[in-house]
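A.B. asks: Given next are the chains, with one letter for each unit.
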Amino acid sequence: MTAVILDRRQVLGAGAALLMGGEAAAAHDGTVHVTMEKLVFLPAEIEVKAGQTIEWINKDPFAHTATVKGGWEVMIPPGKTATRAVAAGDTVEYYCRFHPNMKGRIKVSA
Amino acid sequence: MKTRVSVLGAAWLVLAATTAMAADKPTDPQIAHIAYSAGVIDVDAAKLALSKTKNADVASFAQSMQKDHEAVNEMALALVKKLNVQPEDNPTSKALAKAAKDKRGELGKLSGAAFDKAYVANEVAFHKQVNDALATLLIPSAQNNELKGLLETGLKLFQGHQQHAEHVAAALK
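Note that the protein sequences, when read in sequence, are chains A and B. According to full-length UniProt numbering, the stretch in the first sequence is residues 1 to 110, in order. According to full-length UniProt numbering, the stretch in the second sequence is residues 1 to 173, in order.
For reference, chain A alone in the conformation it holds in the complex:
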């Protein structure tokens, strides 16, 4: 129960940071949030550590993906969220397979 409340507060906190234009997309619980809105990944570039979680939040009424060419793919339905646990080799560029003009980058730091 407590965990759920904490989680929600941290999501809100990350949202507020985004609104303020800060680059603090990383929440304290090790989850890094990327919003998909109006066909843009925000922030487009994130720096994460292996073992952290990336959560994509799709605010569009369109399905999106986070796809690495020749690699993994995360599907994020309209209005939903989806996550991936960051692996050591996840320094990658990714795009949306349905809208390849949407591009993002993940950098895994030591």
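Simulated from the structure, these hints should not be mistaken for lab results.
Every beta carbon over 10 Å from chain A, so not counted as near; a handful from chain B, in silico:
{"hint": "1", "residue": "Val80"}
{"hint": "2", "residue": "Asp89"}
{"hint": "3", "residue": "Arg104"}
{"hint": "4", "residue": "Gly112"}
{"hint": "5", "residue": "Glu146"}
PhoX-like, lysine-lysine: derived pairs with alpha carbons at most 25 Å apart:
{"hint": "6", "chain 1": "A", "residue 1": "Lys38", "chain 2": "B", "residue 2": "Lys156"}
{"hint": "7", "chain 1": "B", "residue 1": "Lys148", "chain 2": "A", "residue 2": "Lys103"}
{"hint": "8", "chain 1": "A", "residue 1": "Lys103", "chain 2": "B", "residue 2": "Lys67"}
{"hint": "9", "chain 1": "A", "residue 1": "Lys103", "chain 2": "B", "residue 2": "Lys128"}
{"hint": "10", "chain 1": "A", "residue 1": "Lys80", "chain 2": "B", "residue 2": "Lys67"}
{"hint": "11", "chain 1": "B", "residue 1": "Lys82", "chain 2": "A", "residue 2": "Lys59"}
{"hint": "12", "chain 1": "B", "residue 1": "Lys148", "chain 2": "A", "residue 2": "Lys38"}
{"hint": "13", "chain 1": "B", "residue 1": "Lys67", "chain 2": "A", "residue 2": "Lys38"}
{"hint": "14", "chain 1": "A", "residue 1": "Lys38", "chain 2": "B", "residue 2": "Lys128"}
{"hint": "15", "chain 1": "A", "residue 1": "Lys59", "chain 2": "B", "residue 2": "Lys148"}
{"hint": "16", "chain 1": "A", "residue 1": "Lys59", "chain 2": "B", "residue 2": "Lys156"}
{"hint": "17", "chain 1": "A", "residue 1": "Lys103", "chain 2": "A", "residue 2": "Lys38"}
{"hint": "18", "chain 1": "B", "residue 1": "Lys82", "chain 2": "A", "residue 2": "Lys38"}
{"hint": "19", "chain 1": "B", "residue 1": "Lys67", "chain 2": "A", "residue 2": "Lys59"}
{"hint": "20", "chain 1": "A", "residue 1": "Lys38", "chain 2": "B", "residue 2": "Lys81"}
DEER-style ranges, computed between Cβ atoms:
{"hint": "21", "chain 1": "A", "residue 1": "Lys107", "chain 2": "B", "residue 2": "Leu110", "range": "42 to 50 Å"}
{"hint": "22", "chain 1": "B", "residue 1": "Met75", "chain 2": "A", "residue 2": "Thr81", "range": "18 to 26 Å"}
{"hint": "23", "chain 1": "B", "residue 1": "Asn144", "chain 2": "A", "residue 2": "Ala88", "range": "43 to 51 Å"}
{"hint": "24", "chain 1": "B", "residue 1": "Asp102", "chain 2": "A", "residue 2": "Arg105", "range": "38 to 46 Å"}
{"hint": "25", "chain 1": "A", "residue 1": "Thr53", "chain 2": "B", "residue 2": "Ala135", "range": "35 to 43 Å"}
Computed from a prediction, not measured in an experiment: that's the story for all the values here. Ideal Cβ positions, reconstructed from N, Cα and C, are used throughout, including at glycine.
Based on these hints, arrange chain B on the given structure of chain A.
C.D. replies: What follows is chain B alone, placed relative to chain A:
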């Protein structure tokens, strides 16, 4: 093959004329009608593709077109209702509808790989044409800022569709 190329050429002429006809600045009710019509045309094309194709990539692309264009047209309907704008039919919408009807007839006669290639090639051409019209005419002409904003989102969406179609086309070769 030669016949198909000339038919595609003819479709291009019609679409080029579409933009020329709209050289007079369209009004917001006309812009709303043009954008909505373009969406309906692509949903119909997707439904035709889903009834004919056996290619998984083409089917997935067509599903994506149907869902996205239905979603953006719902946004458009909600906006015109909110703004109390009555979409107004116009020569550009009519030319688009006529070109689409001709294309549907042409695609309807094809099957298998020939259909897949022609459908996806037309999706590339159609989205390119709509994107050019959005960027050079419809967005600059829109008076209402919310309509302009929706058209800008539409442009990004359709640019994505054009690239997606180009990827599918490349994989079909």
